[in-house]
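**Q** Sequence:
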Amino acid sequence: MHAMQYAITLPADYDMQIIRHRVKSKGPLLDDFEGLGLKAYGVRERGVDGSPVNQYAPFYLWADPEAMNRFLLGDGFRGVVRDFGRPVVQHWQGLFHRPGPAAGALPRAFTRRTESLPESADVATVIANAVAGHEELAASDGVHSTALALDPRHWELVHFTLWADAAPESAGDRYQVLHLSAPGTARLGAGRQW
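For the working numbering, count along the sequence shown from 1 and bump the result up by 2.
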């Protein structure tokens, strides 16, 4: 599993209905994309849920790294580049994924939180503790699914959780989910650690 996200920050007075329309028309195109675990089409709107910006920021969990490459080099991403410029694409190695009690519902929100690992930290211990936290979180009411991933270049963990309803304030940056493409969720491996 690989996690990936890019964020397109838009002007403060940007009409977010344009993004909503874009996702409504183009979102289903990835509903059957081979190798994609899931894509949460996330937005943040300035002044909503504490967001300081308008932003389109989809989050992906890839079951197959070749599929991630196929997407980034394909027509769909070319459309993003054409319309908004080429964004920085963050990606992390997957460590853990598990569906929660609300996995059968369409999620309304996701949260993303990054955690820098201190130079003095024992990485294996920090990751083991983070995985234990995600195992506990995955059993919580309202959780659709949760994942943990690592960027070893910057020694950073990313905590990603999909929520059936509104996301708790304490969980990290909050995004509204406009659409969920999840053709390969089963391939991500429930509770699997990499």
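Simulated from the structure, these hints should not be mistaken for lab results. Keep in mind that this is a model prediction, so the values were computed, not measured. Among these hints, one or two may not hold up.
Derived pair list, reagent style SDA-like, types lysine to any residue, alpha-carbon separation capped at 20 Å [as the list claims (entries may be wrong)]:
#	residue 1	residue 2
1	K28	G186
2	K28	G81
3	K26	Y16
4	K28	R84
5	K28	Y8
6	K28	H161
7	K28	D17
8	K28	I10
9	K26	F73
10	K28	D77
11	K28	M18
12	K26	D66
13	K26	L108
14	K26	R80
15	K28	L74
16	K28	R88
17	K28	R48
18	K26	L180
19	K26	F79
20	K28	D85
Between beta-carbon pairs, the in silico distance windows are [claimed, not checked]:
#	residue 1	residue 2	range
21	G52	S142	27 to 33 Å
22	V50	H156	26 to 32 Å
23	T11	R80	17 to 23 Å
24	D34	V83	19 to 25 Å
25	G52	D77	33 to 39 Å
26	Q19	P89	18 to 24 Å
All C-beta atoms in this analysis are idealised placements derived from N, C-alpha and C, irrespective of residue type, glycine included.
**Q** State for each hint whether it applies.
**A** Evaluated hints:
1. K28 x G186: holds, 18 Å
2. K28 x G81: holds, 10 Å
3. K26 x Y16: Since the Cα atoms of K26 and Y16 sit roughly 18 Å apart, the hinted pair holds (cutoff 20 Å).
4. K28 x R84: Since the Cα atoms of K28 and R84 sit roughly 15 Å apart, the hinted pair holds (cutoff 20 Å).
5. K28 x Y8: holds, 17 Å
6. K28 x H161: Outside the cut-off at roughly 27 Å; violated.
7. K28 x D17: holds, 18 Å
8. K28 x I10: Since the Cα atoms of K28 and I10 sit roughly 16 Å apart, the hinted pair holds (cutoff 20 Å).
9. K26 x F73: The hint holds at about 19 Å.
10. K28 x D77: holds, 12 Å
11. K28 x M18: holds, 15 Å
12. K26 x D66: violated, 25 Å
13. K26 x L108: holds, 15 Å
14. K26 x R80: holds, 18 Å
15. K28 x L74: holds, 16 Å
16. K28 x R88: Holds, at about 18 Å.
17. K28 x R48: violated, 23 Å
18. K26 x L180: holds, 8 Å
19. K26 x F79: Status holds; Cα separation ~16 Å.
20. K28 x D85: holds, 13 Å
21. G52 x S142: 27 to 33 Å: violated, 21 Å
22. V50 x H156: 26 to 32 Å: holds, 29 Å
23. T11 x R80: 17 to 23 Å: holds, 20 Å
24. D34 x V83: 19 to 25 Å: holds, 23 Å
25. G52 x D77: 33 to 39 Å: Check passed, 35 Å falls within 33 to 39 Å.
26. Q19 x P89: 18 to 24 Å: holds, 21 Å
Violated hints for the displayed structure, listed by number in ascending order: 6, 12, 17 and 21.
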